[in-house]
Amino acid sequence: LEALEKALYCWEDALTAFSCNYAGSNALALPSKADAAFTHDVQQLLDLGYQIQSTAELLFIDQ
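Numbered according to the numbering used here, the sequence shown spans residues 1 to 63.
Read the hints as simulated data drawn from the structure, not as lab findings.
No residue lacks a Cβ here, since even glycine has one placed at the ideal position from N, Cα and C.
Hints may contain errors.
[To be verified] Quick list of the computed label-pair ranges, beta carbon to beta carbon:
#, residue 1, residue 2, range
1, L59, C10, 22 to 28 Å
2, A56, S32, 33 to 39 Å
3, T55, K33, 30 to 36 Å
4, T55, S32, 31 to 37 Å
5, S19, F60, 29 to 35 Å
6, D13, Q51, 18 to 24 Å
7, Q51, A14, 17 to 23 Å
8, I61, A17, 29 to 35 Å
9, Q43, K6, 14 to 20 Å
Build out the structure end to end from the sequences listed, making use of the hints.
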């Protein structure tokens, strides 16, 4: 579970850094398709990681 927590932290950090860089550019345009796809993929990784983390915690509570 420690490795999963580290991965979640890295994905959160990547998403935050990417979002800040994009927002900091003062661009009023929508993100490109590649940027939107990257953000979507990282968010999906985070969501799945959180689900795995919750499931694993429930498994270990029963022991």
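Results of checking the hints against the structure:
1. L59 - C10: 22 to 28 Å: With a Cβ separation near 23 Å, L59 and C10 satisfy 22 to 28 Å, so the hint holds.
2. A56 - S32: 33 to 39 Å: 36 Å, holds
3. T55 - K33: 30 to 36 Å: 33 Å, holds
4. T55 - S32: 31 to 37 Å: Between T55 and S32, where Cβ atoms are some 35 Å apart, the hint holds.
5. S19 - F60: 29 to 35 Å: Check passed, 33 Å falls within 29 to 35 Å.
6. D13 - Q51: 18 to 24 Å: Roughly 20 Å apart at Cβ, these two residues keep to the hinted range, so it holds.
7. Q51 - A14: 17 to 23 Å: About 19 Å separates the Cβ atoms of Q51 and A14, which means 17 to 23 Å holds.
8. I61 - A17: 29 to 35 Å: Given a distance of about 34 Å, which is inside 29 to 35 Å, the answer is holds.
9. Q43 - K6: 14 to 20 Å: 18 Å, holds
Hint check: no violations occur; every hint is consistent with the structure.
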